[in-house]
Amino acid sequence: MHDFCPRAARNLAAVRQHQPLIHNITNLVVMNVTANALLAAGASPVMAHSPDEVEEMVALARALVLNIGTLTSEWVATMIKAARKANALERPVVLDPVGAGATGLRTRAARQILEAAAVTVIRGNASEIMALDQGTATTRGVDSVHGVNDAAASAARLAQRLGVVVAVTGATDLVTDGAREVRVANGHPLMGRITGSGCTATALIAAFLAVDPDPLSAAATALAFFGLAGEQAGAAAAAPGSFQVALLDALYTLGPEALQEESRFA
Amino acid sequence: MHDFCPRAARNLAAVRQHQPLIHNITNLVVMNVTANALLAAGASPVMAHSPDEVEEMVALARALVLNIGTLTSEWVATMIKAARKANALERPVVLDPVGAGATGLRTRAARQILEAAAVTVIRGNASEIMALDQGTATTRGVDSVHGVNDAAASAARLAQRLGVVVAVTGATDLVTDGAREVRVANGHPLMGRITGSGCTATALIAAFLAVDPDPLSAAATALAFFGLAGEQAGAAAAAPGSFQVALLDALYTLGPEALQEESRFA
Amino acid sequence: MHDFCPRAARNLAAVRQHQPLIHNITNLVVMNVTANALLAAGASPVMAHSPDEVEEMVALARALVLNIGTLTSEWVATMIKAARKANALERPVVLDPVGAGATGLRTRAARQILEAAAVTVIRGNASEIMALDQGTATTRGVDSVHGVNDAAASAARLAQRLGVVVAVTGATDLVTDGAREVRVANGHPLMGRITGSGCTATALIAAFLAVDPDPLSAAATALAFFGLAGEQAGAAAAAPGSFQVALLDALYTLGPEALQEESRFA
Numbered sequence: 002m003h004d005f006c007p008r009a010a011r012n013l014a015a016v017r018q019h020q021p022l023i024h025n026i027t028n029l030v031v032m033n034v035t036a037n038a039l040l041a042a043g044a045s046p047v048m049a050h051s052p053d054e055v056e057e058m059v060a061l062a063r064a065l066v067l068n069i070g071t072l073t074s075e076w077v078a079t080m081i082k083a084a085r086k087a088n089a090l091e092r093p094v095v096l097d098p099v100g101a102g103a104t105g106l107r108t109r110a111a112r113q114i115l116e117a118a119a120v121t122v123i124r125g126n127a128s129e130i131m132a133l134d135q136g137t138a139t140t141r142g143v144d145s146v147h148g149v150n151d152a153a154a155s156a157a158r159l160a161q162r163l164g165v166v167v168a169v170t171g172a173t174d175l176v177t178d179g180a181r182e183v184r185v186a187n188g189h190p191l192m193g194r195i196t197g198s199g200c201t202a203t204a205l206i207a208a209f210l211a212v213d214p215d216p217l218s219a220a221a222t223a224l225a226f227f228g229l230a231g232e233q234a235g236a237a238a239a240a241p242g243s244f245q246v247a248l249l250d251a252l253y254t255l256g257p258e259a260l261q262e263e264s265r266f267a
Numbered sequence: 002m003h004d005f006c007p008r009a010a011r012n013l014a015a016v017r018q019h020q021p022l023i024h025n026i027t028n029l030v031v032m033n034v035t036a037n038a039l040l041a042a043g044a045s046p047v048m049a050h051s052p053d054e055v056e057e058m059v060a061l062a063r064a065l066v067l068n069i070g071t072l073t074s075e076w077v078a079t080m081i082k083a084a085r086k087a088n089a090l091e092r093p094v095v096l097d098p099v100g101a102g103a104t105g106l107r108t109r110a111a112r113q114i115l116e117a118a119a120v121t122v123i124r125g126n127a128s129e130i131m132a133l134d135q136g137t138a139t140t141r142g143v144d145s146v147h148g149v150n151d152a153a154a155s156a157a158r159l160a161q162r163l164g165v166v167v168a169v170t171g172a173t174d175l176v177t178d179g180a181r182e183v184r185v186a187n188g189h190p191l192m193g194r195i196t197g198s199g200c201t202a203t204a205l206i207a208a209f210l211a212v213d214p215d216p217l218s219a220a221a222t223a224l225a226f227f228g229l230a231g232e233q234a235g236a237a238a239a240a241p242g243s244f245q246v247a248l249l250d251a252l253y254t255l256g257p258e259a260l261q262e263e264s265r266f267a
Numbered sequence: 002m003h004d005f006c007p008r009a010a011r012n013l014a015a016v017r018q019h020q021p022l023i024h025n026i027t028n029l030v031v032m033n034v035t036a037n038a039l040l041a042a043g044a045s046p047v048m049a050h051s052p053d054e055v056e057e058m059v060a061l062a063r064a065l066v067l068n069i070g071t072l073t074s075e076w077v078a079t080m081i082k083a084a085r086k087a088n089a090l091e092r093p094v095v096l097d098p099v100g101a102g103a104t105g106l107r108t109r110a111a112r113q114i115l116e117a118a119a120v121t122v123i124r125g126n127a128s129e130i131m132a133l134d135q136g137t138a139t140t141r142g143v144d145s146v147h148g149v150n151d152a153a154a155s156a157a158r159l160a161q162r163l164g165v166v167v168a169v170t171g172a173t174d175l176v177t178d179g180a181r182e183v184r185v186a187n188g189h190p191l192m193g194r195i196t197g198s199g200c201t202a203t204a205l206i207a208a209f210l211a212v213d214p215d216p217l218s219a220a221a222t223a224l225a226f227f228g229l230a231g232e233q234a235g236a237a238a239a240a241p242g243s244f245q246v247a248l249l250d251a252l253y254t255l256g257p258e259a260l261q262e263e264s265r266f267a
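Chains as they are written, first to last, in our numbering: chain U, 2 to 267; chain D, 2 to 267; chain S, 2 to 267.
Hints may contain errors.
When chains are identical, the list treats them as one kind, so a pair holds in a single copy or across two.
Okay, derived cross-link-like pairs now, SDA-like style, lysine to any residue, Cα gap no bigger than 25 Å in a straight line [unchecked claim]:
1. Lys82 / Arg162
2. Lys82 / Cys6
3. Lys82 / Ala236
4. Lys82 / Ala60
5. Lys82 / Glu116
6. Lys82 / Asp144
7. Lys82 / Arg181
8. Lys82 / Ala240
9. Lys82 / Ala267
Just so you know, these hints were derived from the structure itself, not from any lab.
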């Protein structure tokens with residue numbers, strides 16, 4: 002059994018016990034799904050994106066999510082403001098560079114955030130991570146055109162250069178801090194047929210960061226939790242509508258013991 | 002049987018018959034859920050937040066919902082514009098002060114709206130209502146840290162001071178106009194594990210206000226309706242994903258007779 | 002068998018094969034539902050509304066959706082910018098004039114877009130299409146107060162005047178290019194009890210336009226596909242919550258053969 006298996010169980014139990022408040026500045030497509038996923042998992046979500054309140058809200062929260070999925074320029078400034086406050090308070094920050102590589106705005110916005118504030122974890126698909134590393138357009142919309150392995154070198158470089166943990170999600174997920182690399186084999190193909198899967202993964206990483214001081218293990222165990230919930234949902238449903246419902250159910254019913262036994266790290 | 006039991010039945014039947022148009026200026030997390038809940042219940046929802054059209058839209062609608070869940074300063078001005086038009090046309094207005102107490106922006110916004118226009122019903126959780134009354138931060142994000150009883154005095158004071166009905170929702174709901182107080186015991190714990198429960202309650206109060214001239218009975222009977230739908234959903238589902246689906250189903254299938262028999266007022 | 006029956010099958014198979022990227026500038030209520038419906042059907046959705054990126058995103062996409070459901074003035078300018086780029090690149094554009102006729106802003110916005118750029122298909126309910134043609138307020142909120150037949154003359158006039166295909170959806174849908182008219186009889190009453198049905202129809206038309214060069218057949222076959230999915234969902238579910246889930250499932254499981262056999266054109 003991998004070291005992270007008992008850690009996954011402990012993290013999930015801790016999220017359910019402490020119900021950490023997670024502050025999300027996220028995209029308009031997934032706000033509802035993200036809030037519901039965090040609630041089902043046991044965390045407490047809040048969405049707030051006004052420049053007039055993000056600093057106060059970050060101060061109440063245990064972790065901050067920045068997701069650039071439906072970006073405007075104004076939101077970038079607000080995200081940076083929130084991230085800097087989180088830095089000052091030593092709260093973890095997760096960045097989801099949705100669609101980086103697809104448009105200049107998104108690639109620039111993600112890089113601008115990374116320059117202006119310290120991020121704890123970056124979670125993206127292979128194309129997004131490669132775009133952040135290489136600065137060139139490699140995605141098509143918001144879906145990856147690369148496999149996770151294609152992005153391994155980019156992930157490691159980004160992690161080293163920025164001193165962050167990088168999580169690349171796909172059929173098998175890859176999590177690296179530039180020195181250590183962990184693979185997470187949990188998951189189900191239908192997760193790619195519902196919108197906001199990646200965004201939910203990002204939010205769950207934030208919830209696990211709120212209870213685990215090691216960003217590598219927080220990210221990897223959150224992805225195992227989400228992937229295993231996906232497996233359980235896939236066993237209960239064969240199409241995206243009912244899969245989505247079963248996935249939310251699984252985030253609520255999946256217990257620490259099952260997670261410890263069925264997490265697949267490598 | 003409480004007087005409100007037949008009233009609940011009449012109100013539900015009237016919503017289904019007249020399908021009142023409900024104008025919602027609400028938060029980005031719950032727009033979809035709110036629209037679906039109103040449609041399932043028999044009302045007709047419309048979402049419109051442009052300052053260039055809210056007055057026209059209010060004029061078409063039978064009630065107005067103001068929900069500050071994902072607030073920006075611009076939206077506050079638009080909400081006030083819409084509320085004043087509703088006042089001029091004598092249409093009921095419901096305010097949902099989501100997260101009042103959590104940040105200064107939200108507490109100020111809620112108070113600013115209450116000063117600038119007449120509101121018919123305020124619906125919040127205990128912490129939000131206490132924050133509106135006391136002006137101090139007592140919430141954690143958007144989830145209440147207080148029970149409904151903690152907020153009873155604040156609710157009564159607010160109701161008297163502002164001449165509004167205040168509905169505090171929680172395990173048992175409390176509705177007061179400052180003189181009369183009604184408790185509504187319908188509900189299910191899973192309602193707290195899906196996002197937007199409170200916002201849906203607020204929207205349903207608006208639908209009932211559209212057909213019932215007494216704001217106290219409109220609010221209380223709407224909460225009984227929503228709570229009973231939650232009970233039926235809880236009997237059909239044991240986790241939040243399927244609960245959410247069953248709740249929408251129950252808002253559609255629950256009939257006036259069942260509501261009359263199973264509403265629990267005190 | 003109508004000519005469009007095999008065409009419907011070919012179009013659906015082509016969407017699943019090519020997974021065309023569909024760029025949506027759509028309303029805040031339905032963003033999630035639209036993305037999920039496109040994914041379930043086999044297309045690849047992206048939502049992007051920043052004026053700083055819409056031109057780049059359109060260039061990546063195979064079709065553009067403009068939906069004015071929760072409009073502000075800024076968004077109108079962005080929609081026009083995106084539509085002009087789509088015109089330059091010869092990508093199809095679908096306009097959904099949500100609530101045209103209900104407020105001046107919406108009627109003006111829809112007309113302004115139609116003047117400023119070439120649109121391929123307009124998809125609306127009867128009231129919206131009549132409002133676009135006649136320029137007077139005939140709707141109540143965003144739900145139609147007219148039947149499809151009431152809008153037949155308006156649809157034909159609009160189609161001729163603007164050189165577009167007009168699709169009027171309702172109990173039976175009507176699609177016209179001003180010369181030819183097709184009726185689509187597929188559908189289910191519960192589609193009117195969930196929010197965003199019309200918006201989903203619009204997005205699916207965009208997906209079919211991405212694979213079919215004839216806008217009349219693209220629109221009609223997309224509506225048959227959506228209507229038949231609704232029929233299958235209605236056979237599986239009797240209330241809006243479970244219907245919504247079953248509808249997404251059906252968009253995923255419904256195959257070209259069944260579509261060819263059960264499409265009902267006239």
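Quick rundown of the hints versus the structure:
no.: 1; hint: Lys82 / Arg162; in the structure: within (22 Å within a copy, 38 Å between copies)
no.: 2; hint: Lys82 / Cys6; in the structure: neither (36 Å within a copy, 51 Å between copies)
no.: 3; hint: Lys82 / Ala236; in the structure: neither (42 Å within a copy, 45 Å between copies)
no.: 4; hint: Lys82 / Ala60; in the structure: within (12 Å within a copy, 32 Å between copies)
no.: 5; hint: Lys82 / Glu116; in the structure: within (13 Å within a copy, 30 Å between copies)
no.: 6; hint: Lys82 / Asp144; in the structure: between (28 Å within a copy, 24 Å between copies)
no.: 7; hint: Lys82 / Arg181; in the structure: neither (31 Å within a copy, 46 Å between copies)
no.: 8; hint: Lys82 / Ala240; in the structure: neither (40 Å within a copy, 36 Å between copies)
no.: 9; hint: Lys82 / Ala267; in the structure: neither (37 Å within a copy, 48 Å between copies)
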